[in-house]
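Protein chains in written order, with this note's numbering: chain A, 1 to 269; chain B, 270 to 543; chain C, 544 to 778.
Quick caveat, the hints were computed from the structure, so don't treat them as lab data.
Only a predicted model underlies this, so the values are computations on that prediction, with no experimental measurement involved.
You may find that some hints are simply not true.
[Stated by the list, open to error] Derived DEER-like restraints, expressed as beta-carbon distance ranges:
{"id": "1", "chain 1": "C", "residue 1": "MET637", "chain 2": "A", "residue 2": "GLU46", "range": "55 to 63 Å"}
{"id": "2", "chain 1": "B", "residue 1": "ASP475", "chain 2": "C", "residue 2": "GLY614", "range": "52 to 60 Å"}
{"id": "3", "chain 1": "C", "residue 1": "ALA611", "chain 2": "A", "residue 2": "ILE141", "range": "54 to 62 Å"}
{"id": "4", "chain 1": "A", "residue 1": "SER59", "chain 2": "C", "residue 2": "GLU684", "range": "34 to 42 Å"}
{"id": "5", "chain 1": "A", "residue 1": "GLN142", "chain 2": "C", "residue 2": "GLU684", "range": "25 to 33 Å"}
{"id": "6", "chain 1": "B", "residue 1": "ARG499", "chain 2": "C", "residue 2": "LEU634", "range": "43 to 51 Å"}
{"id": "7", "chain 1": "B", "residue 1": "VAL421", "chain 2": "C", "residue 2": "LEU634", "range": "30 to 38 Å"}
{"id": "8", "chain 1": "B", "residue 1": "SER456", "chain 2": "C", "residue 2": "LEU623", "range": "30 to 38 Å"}
{"id": "9", "chain 1": "A", "residue 1": "LEU163", "chain 2": "C", "residue 2": "SER760", "range": "24 to 32 Å"}
{"id": "10", "chain 1": "A", "residue 1": "ASN58", "chain 2": "C", "residue 2": "PHE599", "range": "53 to 61 Å"}
{"id": "11", "chain 1": "A", "residue 1": "ASN54", "chain 2": "C", "residue 2": "GLU672", "range": "46 to 54 Å"}
In this text, a Cβ means the ideal position worked out from N, Cα and C, and glycines have one as well.
This is what each chain is made of:
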Amino acid sequence: MQLLIFCATVRIVQPILDIMIKFKSSMQPLSLLPLVVQNLSYKVNEKLLLDNINATVNSTGVSVVLGANGAGKSLFVRLLHGLLPSEQQTIKWNDQVLDLVIRKRQALVFQKPILLKRSVSANIEFVLSKSILKPRTSDLIQQRDAVLHEAGLFDQRNQPARLLSGGEQQRLALARALATKPEVLLLDEPTASLDAATTFQIETRLELARDKGVKIFLVTHDIAQARRLADDVMFMHGGRLIEHSVSNEFFNHPSSEPAKAYLEGRLLF
Amino acid sequence: MQCFKIFLIVLSIHMSVSDARADESSIILQSTTSTANSGLYDHLLPIFKKETGITVHVVAVGTGQAIKNAKNCDGDVLLVHAKLAEQKFVSEGFGIARYDVMYNDFILVGPPEDPAKISGGQLATIALANIAMSQSQFASRADNSGTHKKEVSLWNAARIKPQQSSGHWYLETGSGMGATLNIAVGSGAYTMTDRATWISFKNKQDYKIQVEGDESLFNQYGIIQINPKRCPQVKSVQAKKLIDWMLSRKGRDVIAEYELEGQQLFFPNALTHY
Amino acid sequence: MQDFSTAFSLAFSLIFNADADLIEIIGLSLSVSFSAVFFSVAVGFPLGAVTAVVRFPGRQVLAVTLNALMGLPPVVVGLLVYLVISRAGPLGWMNLLYSPTAMIIAQSILITPIIAALTRQIIEDLHKEYDEQLRSFCLPESRIVMTLIWDARYSLITVVLAGFGRAIAEVGAVIVVGGNIDHLTRVMTTAIALETSKGDLSLALALGIILLILALSINAAAYILRNSAHRSAHT
């Protein structure tokens with residue numbers, strides 16, 4: 001009996017949800033920018049991990065969140081994406097507080113890709129189809145194959161995703177994130193454990209997305225990568241946002257001591 | 270919706286199976302184990318079915334359990350061997366009437382060394398007294414079955430309270446006859462059993478009948494139809510057919526002709542005018 | 544000790560002669576236990592997964608209860624089911640006692656907690672791994688649950704086998720609600736109990752050997768299925 005109810009509930013609730021979400025998002029075609037962060041702090045067990053962050057991001061392109069390990073970068077993007085709870089009114093996307101509709105217009109790529117225990121193509125299909133109970137349409141298969149071609153993974157489409165190389169896995173994770181057609185793409189150290197060639201592939205793909213108008217927030221500790229990609233840089237240190245300026249200015253005239261030290265390659269503690 | 274389809278298919282398969290039981294041509298006989306385990310029903314019921322078209326499903330449990338199940342209306346006919354309990358069952362309105370159907374006897378079995386020196390004795394009470402005095406192990410059903418009730422009545426007649434030595438030399442198994450026999454044989458204990466179970470029991474090893482033939486070891490089986498006034502679902506017509514047939518000349522002949530290892534196991538003694 | 548050799552030769556002669564009664568008993572054993580597993584999976588998978596994933600009041604109480612219920616004694620389950628479906632019981636009118644359906648109900652009650660509790664554990668572990676990504680996708684909880692069940696399916700095979708093993712091997716519940724009626728509710732385990740009580744230990748052991756062979760082949764089949772599918776597709 002429970003099984004029946006379970007099936008039935010899913011069948012009934014799913015389309016209603018889909019319609020509601022479509023309806024809601026069609027009411028809000030406005031850009032998610034500007035992003036305004038006000039007095040954002042984050043504590044775990046009384047320990048202050050993010051300390052009163054204030055920032056406004058209005059520019060398109062790539063915003064790089066730069067800093068050493070433990071600076072609070074990963075925490076920051078998770079808060080921006082709503083994976084962690086933030087206090088009311090501290091994060092606003094285009095004057096809206098984070099909610100499901102806004103979160104659905106974003107995608108996050110993790111440092112260690114979390115791939116489903118399925119084939120490569122099933123990982124893409126997962127985000128393309130809204131419901132597992134709907135049959136695969138030819139339209140969906142076309143979309144899927146386009147995504148796979150774009151990511152250069154079409155030949156591996158039937159392999160188990162978990163058996164891909166590290167670089168391929170991250171390419172798949174990125175392709176999957178982009179397949180959701182996000183307006184804002186957040187990436188948490190996506191190339192931290194990848195070699196130069198794969199890093200280049202990922203960066204190329206990011207530039208392509210940026211050129212199509214996707215707003216990118218890239219967390220990295222890699223100065224060279226930041227130089228290559230950043231339109232503006234948010235430099236974090238010790239849980240605080242120390243500097244936020246356009247790329248040229250940040251790299252040529254860092255105003256804070258920690259940023260100078262970091263750029264010069266001195267060890268920061 | 271695939272899950273729904275599979276659900277329906279599986280359910281319908283089993284509904285059809287259970288329908289077979291609910292149909293009009295089958296009844297449930299709550300029976301004591303000795304009659305079932307000795308193979309009597311395998312001999313008797315096919316003949317009954319051929320004559321009447323009625324399938325009898327036998328639930329073989331101890332007499333106490335069988336009576337309890339019958340009180341819950343979980344059967345149409347009751348065949349057990351504890352006359353007092355049966356009469357009480359009828360007088361309380363659970364059964365319509367009780368008929369003697371057949372008898373055999375109980376026996377005391379024990380190891381060949383016979384530590385209590387009871388072999389060849391005639392009186393069951395003396396044998397039990399000897400067992401108690403020598404503190405030889407004795408396995409008791411202790412399950413409120415017909416055999417157990419008989420055993421208790423014998424201890425009472427011998428004025429012995431073996432429960433005081435429970436776990437010492439008096440082993441209360443709380444199990445069926447077969448399990449108790451297995452325990453007795455395994456631990457060198459005496460026990461009391463009905464003869465039918467003993468003859469058909471295959472794990473005798475070197476065990477022997479030590480005491481038999483005492484009048485007090487008489488084992489009467491009775492048959493009762495469950496009262497439809499109490500239990501409206503009882504299939505009275507079919508139940509009555511079974512009882513009539515068991516008590517009839519034909520039924521008595523069929524019971525009498527059943528033999529195992531050359532021995533007759535049950536002796537029909539239904540009133541002849543029935 | 545000669546019981547052993549007798550038992551083995553008896554077991555093989557029963558199998559090779561395709562003894563009709565034996566086949567009927569095996570068939571009923573399998574169909575009852577498979578059905579019980581089917582229903583228990585239908586309830587236990589979602590129940591276990593929901594307990595692992597969804598935060599609701601009483602969730603931990605439920606998890607502990609499920610774990611505890613794994614140790615349900617079959618006789619107790621049999622007794623409870625008996626009291627409910629006995630003609631004198633609340634569901635007596637359904638006429639279920641002494642039927643395969645009753646045995647399926649009893650076995651389902653017995654193994655649903657096992658399947659649910661083990662599922663909860665497996666899904667919880669997988670959920671830890673998937674959690675951030677699935678939340679990032681903003682999926683409804685129903686889909687998260689289904690995704691986790693699907694992705695854990697090869698681990699869940701072991702859960703199903705554990706449930707099946709318990710169902711096919713238990714005797715206490717089915718003998719009470721089934722009544723061990725010949726050609727109607729007699730299954731492998733009740734037949735073994737019966738032969739033991741008749742003192743025919745060799746035959747009882749032979750049936751036990753056949754039951755073991757049965758369980759072994761089902762487990763082997765599941766193992767092969769799991770391994771081949773695992774390797775070819777979805778690590």
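Cross-check of the supplied hints:
1. A hinted range of 55 to 63 Å for the beta carbons of MET637(C) and GLU46(A) is consistent with their spacing of about 60 Å.
2. Distance hint for ASP475(B) and GLY614(C): a CB-CB separation of about 41 Å, inconsistent with the stated range 52 to 60 Å.
3. Restraint check, ALA611(C) to ILE141(A): a C-beta distance of roughly 47 Å breaks the suggested window 54 to 62 Å.
4. Distance hint check for SER59(A) and GLU684(C): the Cβ-Cβ separation is about 36 Å, which falls inside the suggested range of 34 to 42 Å.
5. A hinted range of 25 to 33 Å for the beta carbons of GLN142(A) and GLU684(C) is consistent with their spacing of about 30 Å.
6. Range check, ARG499(B) to LEU634(C): about 18 Å between beta-carbon atoms, so the 43 to 51 Å window is missed.
7. At roughly 36 Å, the beta-carbon separation of VAL421(B) and LEU634(C) lies within the given 30 to 38 Å, and the hint holds.
8. Judged by the Cβ atoms, the range 30 to 38 Å given for SER456(B) and LEU623(C) holds: they are separated by roughly 33 Å.
9. Between LEU163(A) and SER760(C) the CB atoms are about 30 Å apart, so this pair conforms to the stated range of 24 to 32 Å.
10. At roughly 41 Å, the beta carbons of ASN58(A) and PHE599(C) sit outside the given window of 53 to 61 Å.
11. At about 34 Å, the CB distance of ASN54(A) to GLU672(C) disagrees with the hint of 46 to 54 Å.
Hint check: violations occur at hints 2, 3, 6, 10, 11; the rest are consistent with the structure.
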